[in-house]
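K.L.:
Listed below are the residues making up each chain.
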Amino acid sequence: MSMSQKVKELIDAHGKPHREVYFDLENSGFVPKEVVDAMIPYFNQKGYGHPSITHRVGWEALEVVYETKELIAKTIGLNEPENIVFTHSGTEANNLAILGYLLKNKENKGKKIVLSSIEHLSVIFPAQFASDLLGFKTVLVPVDREGFIDPEILKLYIDKDTVLVSIQMVNHEIGTIQKIKELIDVVKSANPKAIFHTDAADAYGWIPIDVEKLGIDMMTISSHKIHGPRGVGALYIRKGIELEPPLKGQLSVEKLWPGVENVPLIAGFKKAIEIMFSDFSYRIDYVKNLRDRLMYGILDKVPNVLVNGPLNEMRVANNANISFLYVEGEALTVELSLNGIYVSSGSACSSRVLEPSHVLLAIGRKHEEAHGSILFKLSHYHSKEDVEYTLNVIPNAVERLRKISSWR
Amino acid sequence: MKSREIDLRYVSVSCTSHPVIKLGHALAGLASENIDEIRILFRSDDIPEGAMKLFLSKYGYVVEDVKKIDDGSSLVIARKRT
Chain A
1 MSMSQKVKEL
11 IDAHGKPHRE
21 VYFDLENSGF
31 VPKEVVDAMI
41 PYFNQKGYGH
51 PSITHRVGWE
61 ALEVVYETKE
71 LIAKTIGLNE
81 PENIVFTHSG
91 TEANNLAILG
101 YLLKNKENKG
111 KKIVLSSIEH
121 LSVIFPAQFA
131 SDLLGFKTVL
141 VPVDREGFID
151 PEILKLYIDK
161 DTVLVSIQMV
171 NHEIGTIQKI
181 KELIDVVKSA
191 NPKAIFHTDA
201 ADAYGWIPID
211 VEKLGIDMMT
221 ISSHKIHGPR
231 GVGALYIRKG
241 IELEPPLKGQ
251 LSVEKLWPGV
261 ENVPLIAGFK
271 KAIEIMFSDF
281 SYRIDYVKNL
291 RDRLMYGILD
301 KVPNVLVNGP
311 LNEMRVANNA
321 NISFLYVEGE
331 ALTVELSLNG
341 IYVSSGSACS
351 SRVLEPSHVL
361 LAIGRKHEEA
371 HGSILFKLSH
381 YHSKEDVEYT
391 LNVIPNAVER
401 LRKISSWR
Chain B
409 MKSREIDLRY
419 VSVSCTSHPV
429 IKLGHALAGL
439 ASENIDEIRI
449 LFRSDDIPEG
459 AMKLFLSKYG
469 YVVEDVKKID
479 DGSSLVIARK
489 RT
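Just so you know, the sequences run in chain order A and B. Take the first sequence: its position 67, counting from 1, is numbered 67 in this note's numbering, and each next residue is one higher. Start counting at 1 in the second sequence, then tack on 408, and there's your number in this note's numbering.
Just to be clear, a hint being listed does not mean it is correct.
Restricting the straight-line Cα-Cα distance to at most 27 Å, the calculated cross-link-like pairs of lysine-lysine (DSS-like) are [said to hold, decoys possible]:
| id | chain 1 | residue 1 | chain 2 | residue 2 |
| --- | --- | --- | --- | --- |
| 1 | A | 181 | B | 461 |
| 2 | A | 366 | B | 466 |
| 3 | A | 248 | A | 301 |
| 4 | B | 476 | A | 248 |
| 5 | B | 461 | A | 137 |
| 6 | A | 179 | B | 430 |
| 7 | A | 188 | B | 410 |
| 8 | B | 430 | A | 111 |
| 9 | A | 33 | A | 301 |
| 10 | A | 104 | A | 33 |
| 11 | A | 111 | B | 476 |
| 12 | A | 366 | B | 476 |
| 13 | A | 179 | A | 239 |
| 14 | A | 155 | B | 410 |
| 15 | B | 461 | B | 430 |
| 16 | A | 137 | B | 475 |
| 17 | B | 410 | B | 475 |
| 18 | B | 476 | B | 410 |
| 19 | B | 476 | A | 181 |
| 20 | A | 160 | B | 475 |
| 21 | B | 466 | A | 179 |
| 22 | A | 155 | B | 466 |
| 23 | A | 74 | A | 366 |
| 24 | B | 410 | A | 366 |
| 25 | B | 488 | A | 160 |
| 26 | B | 410 | A | 137 |
| 27 | A | 193 | A | 181 |
| 28 | B | 475 | A | 155 |
| 29 | A | 160 | B | 476 |
| 30 | B | 410 | A | 160 |
| 31 | A | 366 | B | 488 |
| 32 | A | 248 | A | 106 |
| 33 | A | 137 | B | 430 |
| 34 | A | 366 | B | 430 |
| 35 | A | 111 | B | 461 |
| 36 | B | 410 | A | 239 |
| 37 | B | 461 | A | 179 |
| 38 | A | 188 | B | 475 |
| 39 | A | 137 | A | 179 |
By construction, these hints were calculated from the structure, which means they are not laboratory data. Model, not experiment: these values are computed from the prediction.
Whole structure, please, built from the sequences with the hints as guidance.
P.N.:
Here it is, written out as structure tokens:
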């Protein structure tokens, strides 16, 4: 039997649940109709040309590329859209920031890369790659049990040899909002030449960001984290910072990332941004209320659970990460899927190799606690009914799995 | 007196493994076990000595002694704050 036949058999056996609630927005998301509608014309009606070629459909493509850059610039406190570079994902934007800066500055500026121990793997891996390939040394800064970096500890990592620091604005798994301004100030006062990159994929659209006021040098954002299509990311680069393109090929509008810009997806990203930034405060409050109802509802209804990450205003509004003790997280994702509730266990990158999430280990969770973790990500497309349905399903699902678990 | 040793010198570096990740993971476990004394073998390339002291203090441990070992690594001895 071929792989596709096996997967089809699995889907057929699963069946279509009568109700579906998708909380796996960490890994991928549904694209709302209004965003799809914004993309469709760019496939075959307008702007389907190459955005750097001089004809009408090329210019139409170029127009939406720049409209989107201008919109992103506006939403992060910038006047100039020239500092925004499109890539084909957040992972690529992180790679461009880390590898691009280190390739350009592999001589003379220092050899130390400083990351937090809970960074996304698309930051950790390129840094380790640069260390192996170019002779840099990657060091990780520990975090406390809620995922926060202590500025005093960070200060002890920064010296004249530090060339690049990368710390997430919001953690992708446990939702910790770092005090990023304080961390940047610590880095810059210890070594003004050190460059500060932040992966803001989980912050953009969820907390206000002003790159000028914060003093950020480079920042990654991602379309799919705000209900835009997968396949578009962007990197903000402060004027004057030079990068070497880590990928080689035909350049288009972007001079740092080769390949033709995916214009229909960029048009979808633009629409998703417009939606995310309209009624910003109202939407955040709405999602936070839903998230609180879900998180505290689970704490109330299910015994032996732990919340991973902070339980205050320093947790991003859309994140609920809960460890269900005496349950294997992968088993719970399947059990919930059979009831139409789609979540992920551990981190996306880790879950496929059945290793516990490095984020949960770094905050001190035991292996069994990390393995039993479930990540829920909510948005303004969820309803109160979705949450109540989930709260009705989870206690029975957990109880059933605990009865057959060998851990107890 | 309950004592534990954590050796961070040979921890492999991968997506889920690193001396700093192991340290955070181990300290959380030890703090809940009421361990009186911790002895940690580490490389200051991985964790600066000052950062180690400060991080241990977050878990209620005070560094009493730091010794250099022949292979260039360090041994820190910390006791539970009373």
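K.L.:
Under the criterion that the straight-line Cα-Cα distance not exceed 27 Å, is the pair residue 248/A, residue 106/A satisfied?
P.N.:
holds, 18 Å
K.L.:
What's the verdict on residue 179/A and residue 239/A, does the C-alpha distance respect the 27 Å limit or exceed it?
P.N.:
holds, 24 Å
K.L.:
For the pair supplied as a hint, residue 155/A and residue 410/B, confirm whether the alpha-carbon distance does not exceed 27 Å.
P.N.:
violated, 32 Å
K.L.:
Holds or violated: are the alpha carbons of residue 476/B and residue 410/B at most 27 Å from each other?
P.N.:
holds, 24 Å
K.L.:
Can the restraint linking residue 160/A and residue 476/B be considered satisfied, given a maximum Cα separation of 27 Å?
P.N.:
Holds - the C-alpha atoms of residue 476/B and residue 160/A are around 24 Å apart, at most 27 Å.
K.L.:
Checking one constraint from the list: CA of residue 461/B to CA of residue 179/A, max 27 Å. Satisfied?
P.N.:
holds, 22 Å
K.L.:
Measure nothing beyond the straight line between the CA atoms of residue 248/A and residue 301/A; if it is 27 Å or shorter, mark the hint as holding.
P.N.:
violated, 54 Å
K.L.:
Taken at face value, is the distance from the CA of residue 181/A to the CA of residue 476/B at most 27 Å?
P.N.:
Violated: residue 476/B and residue 181/A sit about 36 Å apart, past 27 Å.
K.L.:
For a C-alpha distance cap of 27 Å, please report whether residue 366/A and residue 488/B respect it.
P.N.:
The given pair, whose Cα atoms are some 21 Å apart, holds under the 27 Å limit.
K.L.:
Given the hinted pair residue 188/A and residue 475/B, is their alpha-carbon gap at most 27 Å?
P.N.:
violated, 32 Å
K.L.:
Would you mind confirming whether the straight-line C-alpha gap from residue 461/B to residue 137/A stays at or under 27 Å?
P.N.:
Holds - the C-alpha atoms of residue 137/A and residue 461/B are around 22 Å apart, at most 27 Å.
K.L.:
Would you check the hint for residue 366/A and residue 430/B, treating anything up to 27 Å between C-alpha atoms as holding?
P.N.:
OK: residue 366/A and residue 430/B at ~11 Å, within 27 Å.
Violated hints, listed in ascending order, are 3, 4, 7, 9, 10, 12, 14, 19, 23, 25, 26, 30, 36 and 38; each of the other numbered hints is respected by the structure.
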